[in-house]
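Novice: Read off the chains here:
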Amino acid sequence: MALFPSSARPWRVTRLQVTLAVILAAAAFLAVTQIRNELLIRQQLRVPSQRLEELGFTLQEMERNRATLETQILQLRSQLHAYEQGAAQGREQLEILSKHLERLRALAGHTHVAGPGLTVELDDSPLPLRPGDDPNTVILHYTDLQGVVNDLFASGAEAVAINGERVVSATGLNCVGTTIICNAKRLAPPYQVIAIGPPEEMLAYLERPDSVVQALRAFAFPVKITKAVRVGVPAFRGSYRFTHARPSGPFE
Amino acid sequence: MWLPIAGLVVGIILGFLVSVEIPLGVVKYTAIAILAAIDTILGGLRAQLEERFDLSIFITGFFANTVLAALLTAIGDLLGVDIYLGAVIAFSIRIFGNVGFIRRDLLERYWRGARQREAAGQASR
Numbered sequence: 020m021a022l023f024p025s026s027a028r029p030w031r032v033t034r035l036q037v038t039l040a041v042i043l044a045a046a047a048f049l050a051v052t053q054i055r056n057e058l059l060i061r062q063q064l065r066v067p068s069q070r071l072e073e074l075g076f077t078l079q080e081m082e083r084n085r086a087t088l089e090t091q092i093l094q095l096r097s098q099l100h101a102y103e104q105g106a107a108q109g110r111e112q113l114e115i116l117s118k119h120l121e122r123l124r125a126l127a128g129h130t131h132v133a134g135p136g137l138t139v140e141l142d143d144s145p146l147p148l149r150p151g152d153d154p155n156t157v158i159l160h161y162t163d164l165q166g167v168v169n170d171l172f173a174s175g176a177e178a179v180a181i182n183g184e185r186v187v188s189a190t191g192l193n194c195v196g197t198t199i200i201c202n203a204k205r206l207a208p209p210y211q212v213i214a215i216g217p218p219e220e221m222l223a224y225l226e227r228p229d230s231v232v233q234a235l236r237a238f239a240f241p242v243k244i245t246k247a248v249r250v251g252v253p254a255f256r257g258s259y260r261f262t263h264a265r266p267s268g269p270f271e
Numbered sequence: 170m171w172l173p174i175a176g177l178v179v180g181i182i183l184g185f186l187v188s189v190e191i192p193l194g195v196v197k198y199t200a201i202a203i204l205a206a207i208d209t210i211l212g213g214l215r216a217q218l219e220e221r222f223d224l225s226i227f228i229t230g231f232f233a234n235t236v237l238a239a240l241l242t243a244i245g246d247l248l249g250v251d252i253y254l255g256a257v258i259a260f261s262i263r264i265f266g267n268v269g270f271i272r273r274d275l276l277e278r279y280w281r282g283a284r285q286r287e288a289a290g291q292a293s294r
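Order-wise, the sequence lines are chains G and Z.
The first sequence begins at 20 in my numbering and counts up by one.
The second sequence begins at 170 in my numbering and counts up by one.
The following block holds chain Z by itself, in its conformation from the complex (with noise of 0.2 angstroms):
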């Protein structure tokens, strides 16, 4: 399980170490590709704590809902409509649902390891 961690120390040290110009017409498509990665993550670890996680629903979430969200940006640009502000609310509003799922999980996670230490305590003595 580290080694995830481990790509994702070693993605944040290449981003400071290898400096790419995204031109200025490119950086509010990124930023919106970037949201939907973090949503995505996100998703992937609660339905991992949710033990239901699959690899293809991510790698295929991952990639799809990136490219959406750039693809929305770009027809928003083209129709003149300001779409990507729809996008950033959809992607805020499920990283904010994500983040709470993964509280709770994780909340749960802890309270049902210390009732069986508990257990495993009483039934020691």
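With the rest of the complex left out, here is chain G (with noise of 0.2 angstroms):
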């Protein structure tokens, strides 16, 4: 069985024949390198050749991922080292700041405080209205109350509590209805005022001539003050908020 039926002419054939191995070697070459590196990448990678570029898509998507971490990284360790630096050095100041905040915390009125002092007891005057009485004259005022506060202040108290709600710097003292607000807090009668301070001079104070306690009696309020060599002033529950006020240098 002739496959090449010019085979009649030696040479043509002999040409073609060359021409055609060649070409088969070519080929038979090309197709076995590309097996073999097929064979080589997925033995090498485990992945076939078809999903290297997505492959290599998510693995540049990792790399950018990787930097941005490492610089990430490099500045939490500056961070951390600067910390830890401050930390050294801070540890003796931190002895010496907690110390100055705790003081600060007892200015504030955040601490519970005890020691020598006086309670004033106020309360409503018990004598009976008669008709065409204005009530206001057997009611006490905040403004009774609050004189009795800057009294005890003025004479050197260094805390005061009102029915147990702390007098702070930002505390107000207001009337709604028949009752004083303290701390945003209702307080009704009777007041019961502990001041912590110097009990003698707080207690002449509040006796001398023309004060707030001499005038209250002079109305028939009932007011009873009596020293004591401990009392106990509570804390302020509220909290300072500073919304608006910033702390600043001097002003002008």
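Just to be clear, a hint being listed does not mean it is correct.
[Stated by the list, open to error] Derived contacts from chain Z toward chain G, CB cut-off under 8 angstroms, selection only: (1) PRO173; (2) VAL196; (3) ILE210; (4) GLY249.
[To be verified] With beta-carbon atoms standing in for the labels, derived distance ranges: (5) ASP223/Z with PRO67/G: 37 to 45 angstroms; (6) LEU186/Z with ARG85/G: 37 to 45 angstroms; (7) ALA45/G with ILE258/Z: 21 to 29 angstroms; (8) PRO67/G with ARG284/Z: 43 to 51 angstroms; (9) ILE258/Z with THR87/G: 36 to 44 angstroms; (10) GLU72/G with GLY266/Z: 55 to 63 angstroms; (11) VAL189/Z with ALA101/G: 18 to 26 angstroms; (12) PRO67/G with PHE232/Z: 24 to 32 angstroms; (13) PRO67/G with VAL189/Z: 14 to 22 angstroms.
Derived from the structure by calculation, the hints contain no laboratory data.
Note that this is a predicted model, so its numbers are computed, not measured.
For each residue, glycine too, the CB sits at the ideal point set by N, CA and C.
Put the two chains together into one complex, using the hints given.
Specialist: Take a look at the structure:
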């Protein structure tokens, strides 16, 4: 069976066959190389070459992510270093600072305090109202309470509480109906004002002529002042909020 | 006729002996080019069996198809469309067709030969 009918002419056949041989050799070489490469890729990467592009894209993205993460790590490390240095330096300062903070808390009224002082008890007048009388004459007003507190502070009180409500720098006394509001809490009579400070001086100042206490007594309000070796004043339960005020230097 | 087969064998052996690293980016191109080459060789075989083989057509077809396939793949890469899939399908269909024709030609040849032998046998008797 002659596959090549032109075998009758030897020269042509030779040239044809040589050309075919070369082409086939080239094709076979290419195919084998390709197969070997593909096998190598699969062996080494365990991934068929079709997915390489997709995976390459993912790799690029990951590398970019890693770069940003590495810069983050560097930043965080330098921060940590700074903190560590600060901690080493600040350990001694920290004790001083915490003492300072304790003092400031006491000043601001954030701690319970106890010490010598006195208690002032005030109540509405027990006199019965006659028809035509102004009821305001028998009711204690916030101004009376404020006056007593002012007198106490003026005579050296360091901590004052009205019915368990600490009087601090942000405390305002106000009248609402027959009750008095202190630190946004309603107070009702009888009022018990506790003050820590020099008892003798405070008592003398409260009992001085024309004082608030004398005026109240003149209007038949029961006022009872008792000295104590040790009284307790509770901490301020509210919080200071500074939404408008900001710390600043001397302002002109 | 043994020379082309010898060439094929030499090519295979050469491929195993010489290890050429094809870069990862080019693997796709060479794959499609090989497909084109196989198609052309099968086409040539079919033409040979149908006794209308022409060397110049075969050679030009071999190179043109191979280059065109690689080019198509490159264009597809540039456009971001997998055009090489189209080339793969086209070449696969052609390979199937060629193999079918080759099978039919070989069978016809065998039948014709059998008939001739039969006739020769009858004549000699």
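Novice: List in ascending order the numbers of the hints, as given earlier, that are violated by the structure.
Specialist: 4, 10, 11
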